[in-house]
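Protein chains in written order, with the numbering used here: chain A, 804 to 1141; chain B, 1077 to 1693.
Treat the hints loosely; a few may be bogus.
Facing chain B, from chain A, some residues (calculated, C-beta under 8 Å) [as the list claims (entries may be wrong)]: (1) Pro848; (2) Ile882; (3) Arg1078; (4) Glu1139.
Taking beta-carbon pairs under 7 Å as the criterion, some of the chain A residues facing chain B (in silico) [as the list claims (entries may be wrong)]: (5) Ala852; (6) Tyr865; (7) His873; (8) Thr874; (9) Arg878; (10) Ala881; (11) Arg890; (12) His911; (13) Ala1110; (14) Leu1116; (15) Ser1134; (16) Trp1138; (17) Ile1140.
Calculated directly from the structure, the hints in this document are not laboratory data.
Quantities reported herein were computed from a predicted structural model and do not represent experimental measurements.
For every residue, glycine included, the Cβ atom is placed at its ideal position computed from N, Cα and C.
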Amino acid sequence: MTTQENIYQAKDYKSDQYVRWCPGCGDHAVLNCLHKAMAAVGIPPHRTAVISGIGCSSRLPYYMNTYGFHTIHGRGAAIATGLKTARPDLSVWLITGDGDCLAIGGNHFIHAVRRNVDLNIVLFNNKIYGLTKGQYSPTSDRGFVSKSSPYGTVEDPFIPAELALGARGTFFARAIDVDMKNTPEILEASARHKGASVTEVLVNCVIFNNGVHKQITDRAFRAERTIFLRHGEKMVYGAENDKGIVLDGLKLKSVTIGQDGYTLDDVLVHDAHCRDNTLHMMLAMMGENMPIALGVIRDVEAPTYDAAVHEQLADVQAKMPARTLNDFLMSGDVWEIK
Amino acid sequence: MTEQTKVTTLEKVVIRFSGDSGDGMQLTGTLFSNLSAIVGNEISTFPDYPAEVRAPQGTLSGVSGFQVHLGSGKILTPGDKADVLVAMNPAALKVNVKHLKSDSIVIIDTDSFQKSDLEKALFATDDPFAELGLGSVQVVAAPISSLVKEGLADLGLDNKSALRCKNMFALGLVCWLFERPLDEAMHLLQNKFAQKPLIAQANIKALTDGYNYGHNIHASVSTCRIEGCKAEPGFYMDVNGNKATSYGLIAAAEKAGLRLFLGSYPITPATDILHELSKRKDLGVITVQAEDEIAGICSAIGAGFAGCLAATSTSGPGLALKSEAIGLAVISELPLVVIDVQRSGPSTGMPTKSEQTDLLQALYGRNGECPLVVMAASTPTDCFDAAYWASKLALEHMTPVILLTDAFIANGSSAWKIPDLGTYPEIEPNYVSGYHDEKPWKPYRRNKENLVRYWAIPGQEGFAHRLGGLEKDYDTSSISTDPVNHQKMVATREAKIEKIADYIPEQEVIGDADADMLIVGWGGTYGHLYETMEIMRKQGKKVALAHFRFINPLPRNTENILSRYKKVVVAEHNNGQFANYLRSKVTGFNPYRFNRVKGQPFVVARLVEEFTKILEA
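Build out the structure end to end from the sequences listed, making use of the hints.
Right, dumping it as structure tokens:
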């Protein structure tokens, strides 16, 4: 892959179509990051396929100069599964939103993750239905007021990480739309992962849910409210890099290094490759008085569905080579009439 | 061996094996039909089993049956009523009264006709035959259970395992009755239980004991010989509709040089297609058992986009779930074969019973103006050709094709001459490599002759493109909401399907050229309608049959045929869906109708009676 890295540039992945998202929508930034990530990975545009369901973010394939398929609501994961299983040689991306992926498409999503189909799933989470003009979504917080919940919702949201890891996901990352520095790197890692990779991108809906992630993404306090995890590195954060995550009994705890007797040695080192997902789950679920985890939280190798399907085909065919339908039929209970 | 026995030669005979759903009647029936096919009889079979995996033992709801019709002439249906019934318990006898001729031979296991057995089957007296009014049947009463236990005593099997062989004892008796060679049966059993030599031995012993028992007691019935018929020379095998459908798909993929992909979710009575194709990894077939019906078709759509011959198999409730995805395949103009093995509806209905009630769902059950190809297979073996044609049309015309079969032909089997693929038409998809216009290629640019768009398979440099469920501009292939363009695209998709009529055979009419009445049918009723026509012709009536395989588009000569006869009767297992469809296509067409929705095959005698009334009206 490294030899191809300089052949394609971000613009080679960009189509000639006019991008129709609202001005200021977080999707624009993610699209640019995706072009960059694809160029960095270097798989040619014609060997790349971008599949999507329905929703604002699912318009994305039209803006790619790759093979693409804008499908039907919620079913992108199933279509991408068929495509990748038929053609493991293609790099297959699945673009989806919180409604598409976690409401109408929830079943297909968890099964694609469970099977570990080698898909790069980018989940645009703006906690709202934008295309249908402002209803609450499965990721909206309890009590969220929207057009379809004028008195506030009375249901708890999904946490995408919890669902992905619960479905035995092998890769989970979280990114921020406006973080043009780190998002391409995260998407690149998701592409390099063999298996179903889920990248949740926190995106802003400027029209129907403006500022939804502001408490996390605003530059004024982003450093204090988020932690960027890198495999093999200490879990430190804060504007002064003075805060760290430590294990306190069976719980994670945020501490200030040098206070209350905590030193840098007490701070955990991030191991994204650990098979046991207990710590990954705890990291992904951080909130409230803890920083939101960003970056690649889990990245574990496991057999992929698409490769296993073709290995099994090859195994069976090696035992019974060069067969045609006629060969097969004649090998069964056959009688001749002369 | 039969030197002392009276032998009657028959042209055709109907045998029904019936017992508890755990009694192995399906296996017994299948073995017997295979034996008959091997000796050169024509066969047609009809498994009739309960939807429950195991209903309570000995009860009426637990009765499982397998009917086979064999003969020396053309056999197209499993037959109306049985000449011979094997009833392993009183419930089987009671359930099958309606399937018996008045002079039938009934073979029973007296060990399972005890008081408690009779009670379970809700008999009030201890004489089930009298109670059911079966005074004239010939009963062969054998203590099968005890004979089997005795016969297998030396093998060291436990009681339960030994008793499981009693179906083979019954089969042995029937083999004696019909002079079937036991060595072929032994061979089949040896193959079936190759991994379990003891079980093979026990089954073969029970089979032989049954045969000898019949021979030794000279049961007071005569044995019957069904002569082998002069079939076309060639290699034959026994095949049911679901297997033939699977093989038809494989054949088409092989011919087109494409990989076959099946995305499916288990559903009665279509699941055997998934089973068969999952086994065919040796032929490179990919199967995905998806998480639901929608994912079944969606994975197939993904595979079709990827460049496979893509198919999905289902039954009525599954077809309903797939509707939206079929619409996606229509608007994105991707090849896809959707197989609907129809069963009784609505909703869950009667999952193991057959109907033709999904026709209108197949034709119209989608949002928007959403035309596609609809076809139907007529017999178990015809499923092969129908699946081949469905694949050919899907690939060459870039469209989903719904192929309707039904539970009756899917599970029914007959002897099938292994086809020579060299005689089948080529399959040549409209690949983008064939695009030679001066305008640059776009995904929805079309072949001017058949209006088919060009297929650019991912991985090809220079042809990256985006498809989708949104309406596209006729020229630029970009998203478009322009009203004039939409009208044009709707008309183009319709015209593309209509044009397929130029690429399919004309409708055939069989029977009398100067017929006074035309019988019209489609799908799995072919055997019954053909037999009805033949009986009526033998009675001196002038009758013809037009049995449709291509339903949308209809063959070009349809209107001409339907307006040629004084009387036309459309017979189908629904409330008149095909008749109404034809009325919408052929001006002034107003046929007689024969509709039955019982979940059971037509009864030929009844068809003859009803059609004669129409003819003489």
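Going down the list of hints, with the structure as the test:
no. : hint    : verdict
1   : Pro848  : 6 Å, holds
2   : Ile882  : 4 Å, holds
3   : Arg1078 : 25 Å, violated
4   : Glu1139 : 5 Å, holds
5   : Ala852  : 5 Å, holds
6   : Tyr865  : 5 Å, holds
7   : His873  : 3 Å, holds
8   : Thr874  : 6 Å, holds
9   : Arg878  : 5 Å, holds
10  : Ala881  : 3 Å, holds
11  : Arg890  : 4 Å, holds
12  : His911  : 6 Å, holds
13  : Ala1110 : 13 Å, violated
14  : Leu1116 : 5 Å, holds
15  : Ser1134 : 10 Å, violated
16  : Trp1138 : 5 Å, holds
17  : Ile1140 : 5 Å, holds
Going down the numbered hints, you'll see the structure goes against 3, 13 and 15, while the others check out.
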